[in-house]
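Trainee: Could you put together the complete structure from these sequences and hints?
Add 363 to the 1-based position in the sequence shown for the working numbering, that's all there is to it.
A hint or two may mislead.
[What the hints assert, rightly or not] Per label pair, the in silico range of CB-to-CB distance: (1) Arg-516 x Arg-539: 49 to 55 angstroms; (2) Val-561 x Arg-488: 16 to 22 angstroms; (3) Ser-519 x Gln-483: 49 to 55 angstroms; (4) Leu-512 x Val-492: 46 to 52 angstroms; (5) Gly-449 x Leu-512: 16 to 22 angstroms; (6) Leu-455 x Arg-489: 47 to 53 angstroms; (7) Val-492 x Asp-550: 27 to 33 angstroms.
These aren't lab readings, by the way, just hints derived from the structure by calculation. Given the structure is predicted, the values throughout are model-derived calculations rather than measurements. Cβ atoms here follow ideal geometry from the backbone N, Cα and C, with glycine treated the same way.
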Amino acid sequence: MRLPDSPLRRIAAAAAALALLAAGSAMGQGSNRSKLYAGIGLAVADFEGVHGGIGYDATPPGLQLYGGYQARELLGLELAIDHLAGIEPGDLLGSGVERLRISAEHSSFTLRGVLSLSLQEILRRRPNVKVLATVGAARSIEKRSVLELTTQRHESASERDTAVVLGAGVTFELERVHLRTFLQSADRRHGTLNSVGVAAELRF
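Mentor: Structure (structure tokens):
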């Protein structure tokens with residue numbers, strides 16, 4: 364079945380490319396690794412938005428893809444793609460007798476710095492555990508489909524935004540796969556976007 368041309372399709376293609384890279388990495392010989400890595404994760408988001416002065420919120424599932432470069436032992440640089448689909452806040456009361464039904468999706472590109480600190484000297488156990496903090500900037504687009512239930516009038520809207528994104532997390536380092544739990548918050552123009560999730564990270 365052919366997926367529609369959408370951010371979700373592009374994310375699916377990127378996920379397939381990531382799987383191919385992982386397979387090639389696993390088949391490679393030698394123990395030398397580059398400073399490049401990539402990850403894929405699932406999240407649950409607390410999303411707030413505004414349409415025509417009417418606020419709405421939802422808790423949609425999300426997908427995140429990211430790639431990074433470990434510039435120093437404690438410092439890395441990452442580019443991440445986040446996609447939230449199925450933003451369905453339910454029926455909303457508009458002005459007068461209006462009732463609105465909003466369906467939306469949200470996509471963003473984030474460039475962020477990552478500061479990580481190993482706890483191995485404290486915990487003295489395997490796998491190695493690292494705590495991390497992130498700070499970056501995101502460029503996002505939200506696409507909305509709005510149905511006015513009283514008149515059955517339909518309209519579409521899109522909104523672009525730039526936000527500062529802060530995050531924190533914990534990474535558990537296995538051989539080639541690292542497991543990352545994360546919490547991130549974006550300070551958007553019309554409401555906040557907080558998410559919590561888990562990701563599998565591959566080192567090449």
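Trainee: Tell me the hint numbers this structure goes against, listed in increasing order.
Mentor: Violated: none.
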